[in-house]
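Protein chains: 2
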Amino acid sequence: MKDFNHMLEKYAELVIKVGVNIQPGQVLLVQSPLEAVDFTRLVVSKAYEAGAKFVQVDWDDEKITRIRYEKASDDSFGYYPKWQADMMEQLAEGGGAVLHIKVPDPELFRGIDSSKVSTAVKAAAVAREKYQAYVRSNKVTWSLIKAPTKAWVDKVFADLPEESRVEAMWEAVFQMNRVTEDNDPVAAWKEHIQTLKRKQEFMNQKRYKGFHYRAPGTDLHVRMPEGYLWLGGGDNNEDGNYFVANMPTEEIYTMPDRTGVNGTVSSTLPLNLNGRLVEGIQLTFKDGKVVEYEADSGREHLTSLLETDEGASYLGEMALVPFDSPISKMKRVFFNTGIDENASCHFALGSSYPVNIEGGTKLSKEELLARGANVSLTHVDFMVGSESLEIDGELPDGTIEPVFRNGVWANG
Amino acid sequence: MKDFNHMLEKYAELVIKVGVNIQPGQVLLVQSPLEAVDFTRLVVSKAYEAGAKFVQVDWDDEKITRIRYEKASDDSFGYYPKWQADMMEQLAEGGGAVLHIKVPDPELFRGIDSSKVSTAVKAAAVAREKYQAYVRSNKVTWSLIKAPTKAWVDKVFADLPEESRVEAMWEAVFQMNRVTEDNDPVAAWKEHIQTLKRKQEFMNQKRYKGFHYRAPGTDLHVRMPEGYLWLGGGDNNEDGNYFVANMPTEEIYTMPDRTGVNGTVSSTLPLNLNGRLVEGIQLTFKDGKVVEYEADSGREHLTSLLETDEGASYLGEMALVPFDSPISKMKRVFFNTGIDENASCHFALGSSYPVNIEGGTKLSKEELLARGANVSLTHVDFMVGSESLEIDGELPDGTIEPVFRNGVWANG
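Protein chains in written order, with the numbering used here: chain B, 3 to 414; chain U, 3 to 414.
To be clear, the hints were calculated from the coordinates, so they are not data collected in a lab. It cannot be assumed that every hint is accurate.
Pairs involving identical chains hold if they fit within one copy or between any two copies, as the list cannot separate such chains.
Below are the DSSO-like pairs computed for lysine-lysine, each with C-alpha atoms no more than 30 Å apart in a straight line [to be verified]:
#	residue 1	residue 2
1	288	12
2	73	12
3	118	211
4	84	192
5	19	73
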């Protein structure tokens with residue numbers, strides 16, 4: 003790259019202005035891996051320039067996480083420090099923002115007893131339930147973005163010489179986030195979001211009652227709940243400020259009817275489940291619930307996931323991404339949900355987003371369930387898109403029409 | 003060094019076993035600069051080996067602190083995130099431990115408006131008042147230790163070639179902490195603590211009513227309160243586990259009578275006040291209160307300190323360290339209170355330690371004041387030791403006898 007520092011600064015400004023859209027007087031929490039120190043300092047600098055009152059960086063070191071799993075006693079993994087949940091709640095209640103610079107090492111927990119990880123993940127989910135409700139109802143402004151770490155680039159760019167992998171990943175990150183040497187990425191994002199909004203409106207007007215997915219290993223019928231809504235791009239927080247929770251984002255997404263899913267679906271990309279890889283997933287649903295499941299590898303991690311709670315065996319989200327999206331065209335598996343989900347149609351096991359149903363953010367758990375939304379401590383995307391994916395939609399009058407053909411929008 | 007990694011590991015084990023003395027099931031918080039990442043990982047590893055239930059690392063990056071002071075708006079410095087105080091309180095209430103790996107850059111705030119720093123320091127002190135009470139009464143186990151950072155070694159070892167400064171500092175840190183290639187540092191510390199205990203008992207039996215300090219620029223009378231106690235080495239926490247709050251430590255310390263200090267005292271080493279240097283301090287006391295003060299440089303930082311609250315203008319601690327202590331013999335200014343105070347007799351402006359008076363940990367603020375202890379949001383040591391320092395003690399019967407001569411114990 004001609005001027006790497008200039009590109010990095012543009013990207014830092016983009017995530018502050020478009021991702022979390024920091025307003026004067028706001029408090030920002032940045033969760034960042036130690037390795038991203040230079041980029042993180044730039045982000046903090048841009049946040050203060052945008053008027054942030056205070057920026058706290060919550061640094062993460064995966065080597066220290068790994069040391070815990072190797073050395074702490076077996077009975078200690080149910081412990082979760084309350085103050086971490088308190089921090090997130092206080093931040094949300096004060097109208098703050100969270101920027102997650104997150105790229106978990108896909109191999110972080112290799113060789114670690116899966117039950118330790120599941121216990122810790124569940125303890126964290128229980129402790130952070132209140133905060134997660136704030137997230138789902140847009141009380142807190144948040145954005146999940148990417149920066150290279152060594153473990154991650156070694157996995158994704160294993161075909162390149164070691165010394166050029168970090169730079170290759172930065173180039174990919176810039177490209178998928180529409181940061182080029184001579185553009186204004188903030189303006190480019192505004193245009194991109196308009197495109198997603200148009201697609202979302204088109205789908206919301208159709209009011210499809212249900213969908214039928216077909217691909218090798220996939221034959222799945224999905225019924226939709228009353229008042230479901232397609233969303234995409236970004237959202238307004240409680241104060242009416244627009245933020246983009248995932249960068250990159252190429253999807254439009256909604257919720258299926260919790261008990262209206264039947265048939266079989268096969269994953270088309272590996273799933274990185276908190277540092278544990280699951281490949282070649284096949285799930286069979288009856289009346290919404292997973293009744294059979296297989297995986298070519300990592301099946302035990304899938305078991306842990308499904309056993310989180312009742313809702314973990316039901317779908318909470320469905321999302322459409324054409325197979326010719328910019329990320330998809332890179333023809334690379336990023337072993338990272340936040341990126342791979344934007345290269346591929348996907349579903350999520352676990353909780354629905356209340357924003358995906360009319361009036362949903364005002365509903366209790368029980369009311370959400372009654373409306374067809376799913377409720378769970380977990381929410382995990384898995385990818386089902388491919389160039390052979392066909393999706394039909396059923397209109398309110400019963401007519402069937404093509405929605406996706408050959409993995410892309412049938413209507414262009 | 004023959005085997006640096008071996009030395010580093012011995013030091014990590016020492017701070018876990020002697021410094022915070024981690025017990026099975028305890029939670030440990032490690033506050034560490036990003037630069038000390040390798041050492042911090044070793045410390046975490048040793049903590050889990052000692053049975054810690056959970057170790058949280060609270061990383062600090064002074065570059066990010068500096069960015070805040072350069073870029074945040076002037077009216078934002080009174081903000082302190084409540085969750086940081088909550089974390090410390092919850093940790094103490096759960097019987098946890100805190101290891102501070104702390105070496106502030108002596109020049110961190112060069113060129114920054116002093117009022118911003120004072121406002122932030124005071125906001126933090128107010129928010130952390132409850133936690134500080136836990137610290138003073140040994141509810142929380144804590145230890146303050148050292149590790150090299152670039153800014154620090156550049157200041158201290160400016161006379162050495164740049165590439166050898168970090169190693170020189172590690173050598174100094176090992177030496178002042180009694181870690182040698184072939185010893186058992188845990189055993190060496192047990193012996194050292196016994197030596198300090200013997201000196202402490204000797205002084206407690208004397209029951210001096212007051213002291214008279216004499217040196218160039220110093221002529222100070224200090225009256226002692228009823229029931230004052232000399233302490234040194236370490237302390238027992240609430241659960242009866244012995245910990246060492248400062249590593250290194252060479253001092254024995256107690257509290258003067260808040261209103262019994264008269265005369266003038268001059269500092270003999272620069273004071274690093276949260277990243278702001280003050281040199282050549284001269285304080286004049288009347289009935290305990292600072293009534294005049296001067297400094298060769300950084301007088302405005304001293305003003306900020308004295309203006310923290312009423313108690314900031316009174317002494318809270320007096321400590322004795324012979325001028326021939328191992329650190330003193332290195333003949334180097336470390337620009338770090340935790341080290342320099344162990345090379346030199348010193349006083350502290352601000353709060354007393356309730357443990358330094360009989361029954362003190364059970365007393366309210368008002369009762370402490372009535373007993374002659376000082377109460378303040380702040381506690382800042384300044385050094386007064388030198389090879390010319392003479393201290394006389396007044397026995398209960400009025401006899402005057404020498405305590406220090408030529409900067410060292412008069413009685414050997």
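How the hints compare with the structure:
1. 288 / 12: neither (48 Å within a copy, 59 Å between copies)
2. 73 / 12: between (41 Å within a copy, 18 Å between copies)
3. 118 / 211: Close neither inside one copy (42 Å) nor across copies (60 Å); limit 30 Å.
4. 84 / 192: For residue 84 and residue 192, the Cα distance exceeds 30 Å both inside one copy (38 Å) and across copies (36 Å).
5. 19 / 73: between (41 Å within a copy, 17 Å between copies)
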